[in-house]
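Student: As a plain string of letters, each chain reads:
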Amino acid sequence: MALDFSSVITGQYGQMIVDGTVITLELALGAWLLAMVLALLLVVIRLTENRIAVGLVKAYVSYHRNVPTLIQLMMWYFAIPTLLPEALQMWINNFNAEFLFSLTALGLCQAAYFSEDIRSGLRAIPDGQNEAARALGMSYVRAMRAVILPQGVRNALPAMINHTVLLFKNTSLAMVIGVADLTYVTRDIENQTFRTFESYIVATVGYLFFSLLLMGLGALLARRFHRVYAR
Amino acid sequence: MFEIFTILHDNGMLLLMGQYPNGPIGGVLCTLLISVLAVLLAFPIGVLLGLARLSPWRWLSWPATGWVYLLRGIPLMMVVFWTYFCVPLLIGHNISGFATMLCTLVIYESAYIAEIVRGGIQALPHGQYEASRALGMSHLKTLRLVILPQALFNTLPSLVSQLVSIIKDSTLGYVINVPELTFAANQVSNQLLTKPFQVFAIVALSYYLICFSLTWLANKLEAHIAQKRRQAPPQPASVAPAVMLTKPSSQ
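If you read the sequences in order, they're chains A and B. Be aware that the first sequence starts at 1, since it is given in the numbering used here, and climbs by one per residue. Be aware that the second sequence starts at 232, since it is given in the numbering used here, and climbs by one per residue.
Bound conformation, chain B alone (with noise of 0.2 Å):
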């Protein structure tokens, strides 16, 4: 128990952030980083893609619907392993092992990414669509102005969930060297030879906090977005006059 304490004092910052002032950024933040940048990139993708899938023009849906099936039934480290080959193919020159794994990661997650709002379109009452139709909105409008906004919204507790499933899925980056924290943590493994349940109890100690809490965070999302959902529509403001026929009169 006691040498867990004493490698977080002598590996911790490894752990942490790597080599970074020095070297490029590691460990828990570049596991972070890469991330939430793969969140962030994939989703404008996803949501293209989704309303690719939901398409009423064929050539559209069909490709996408293609590309998401390709990407759900293949492994990730498949993914990784083309990446790796393909990128440095397409932009001609190579590219360091972060960004092949983000790469990664963008194209993977963004077909469950479009999945999730393809669940969130679908979700949504019909008549949304069928209104801003009658009400002489494009197919584009209606998506723009009335679908999107609150399917978007709906969907954001699974877009958290999707960072936690992002996070365990950057461990993958140790496969082609990105200093995150599973490549971290096997590297400080190997430097003390004799300590691996306790440095890999760190390091799933780690990632448990970090999943953990997001997770947390996503129930808590759900739970206020179901009760905003169940919640009457807001009343007018005719309630105020009645306040002020309560007022006692003064004596």
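This is chain A alone, in the form it adopts within the complex (with noise of 0.2 Å):
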């Protein structure tokens, strides 16, 4: 069996899989931006110390923890406009419903991780770090910036990439629900071409690049962090 890539890759299947990688990196890169500002949000609650508050964040983390993935998007899909008015269900379903949903469920997901990352980061930090800097002068506010902060990043940043990583291959469970996103567009082609390897070679390849793309520049990342603020 020969393989033959270019009746995949060239025409109108080409541009089915340009159009297929374009939808998972925007889903990936919304829901990346949804996660990172929620999760800042309940790392802040979390420090509140309110206790119904801090309660609330632990309940938020342990559904998305414990919940699988997809349960949660066909959540978001299939379950939770129901419980919307109609005119708001009407209204949603003009946009583009099936990625605003999954953009929804995989950032509010992934937002319970990064909340965790950062959180443990922060938490395996000395509190003698905070009382020196304070000790020093520094303000809540700059003893943040210019001690905590920096020192918290890099402790977070390999299970951040890692989670990252996660969000970007979770966005293919998206095509459960209809987005047309490189999966949904490979079985599309698959099933119009019958070129079974070809069209699943390159989707793999095409995530697979992307994958090692996103855990080269982490390692760059760290090793920058680590250099920086190398004692």
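You can take every hint at face value.
Stretch by stretch, here's where chain B covers chain A in the computed footprint (C-beta under 8 Å, at least three residues): (1) 58 to 66; (2) 73 to 81; (3) 172 to 178; (4) 197 to 211.
Not close to chain A: a few residues of chain B, all C-beta gaps over 10 Å, as computed: (5) M244; (6) P252; (7) L264; (8) L272; (9) S286; (10) A295; (11) Q359; (12) L371; (13) K372; (14) L376; (15) Q381; (16) F384; (17) N408; (18) Q422; (19) L452; (20) A454.
Computed from the model, here is a short list of chain B residues facing chain A with C-beta under 8 Å: (21) L301; (22) I305; (23) M308; (24) M309; (25) L403; (26) F428; (27) F431; (28) A435; (29) Y438; (30) C442.
Please keep in mind that the hints were generated in silico from the structure rather than gathered at the bench. As the structure is a computational prediction, the values presented were derived from the model and not from experiment. Backbone N, C-alpha and C define an ideal beta-carbon position, used for all residues, glycine too.
Put the two chains together into one complex, using the hints given.
Tutor: Structure below.
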């Protein structure tokens, strides 16, 4: 059996692959930003030591870490819209509902992981660091910015990179609810051309390229942080 | 709220074990069965892969490293489709969705278990390996008698966490019609038509309970092992005679 890549990477199929890749990247980037913003918010809430708020954050993190991402995705796409008023449902469906819901689901899920990464990164810093910075006359914000956060980011970085790669890979789940991402178009192309191996090899290489890129960038970043803040 | 109980009453068995006595096993039981089988089968492969990654022989460590990076770099969904197409081609006849998903999970998770095992081995003090080699043991004998027993014991909590991941990953069986919990949930939801929220709430709760208790177990194990490692090595029985001395003299 001879492999013939030209039929799946040129013409309309090539265009489909490009479009799918763009959707995958958009989804990953959007969900990443949402997750990051939410994670920072969750960490800040957790630092407030308000019992009810901390309990809610804990429940949030626990739910998102112990329920499969696919179920969370189905929850957002199949279940939660039925609770919304009909007018709002119609309104959402006019926009790209699948894309929006999968972005929300992936972002909310990953926020739980990111917030735990950041929190354990901050927790690994001895209390003395903060106390010493404050004793030197730094304000709370300055101590945070100049002493605590750089170390916290350095500690949290490896886990966050892993989870960023995980988020990127999880975008393929959105195919289940009909987002036309790379996995979805690959299946489409396979169904239309019957070139199973060629289409899946192209998609696999595509995913692998971006994952390895993320891992490589992460390693570079970690090394840079390590050098800058090395004692 | 009340509807949840009605749904559980009407479809509870379907969600719990599918059509089991009259058909293939499904629901929660299928999810658990496939996950436990996957972890049991992936574990030996993962240990071998982890050892291969650390082996001093390049012809072994390079392919193993490549394989692990390949699997860590692509989504599980891709692996599902690859197995779905390749395994029947390789063995010459069709296999069930359950077997396909099991193969997928074993292939995919063995890469992650390999990383866990590698971490466990690298966390051991290097002196252990050197001392065994200095005593004249071969590389393989050192691994078998000294390194692996310690490393594998220490990786136990991570393996339980990996089982949680596998349970969560087994939801992808839905895509290739494995009758596990996610598939059963969609079946029930499509049958009832108007109550997706209640159905998915039940399913989310089931997954939550399973995964949460396993995570709890992993944490307990981890604390137990950490404590065991902190403790000083057990004192020899020289304390026992001291007890004899304190024996009050009879009046």
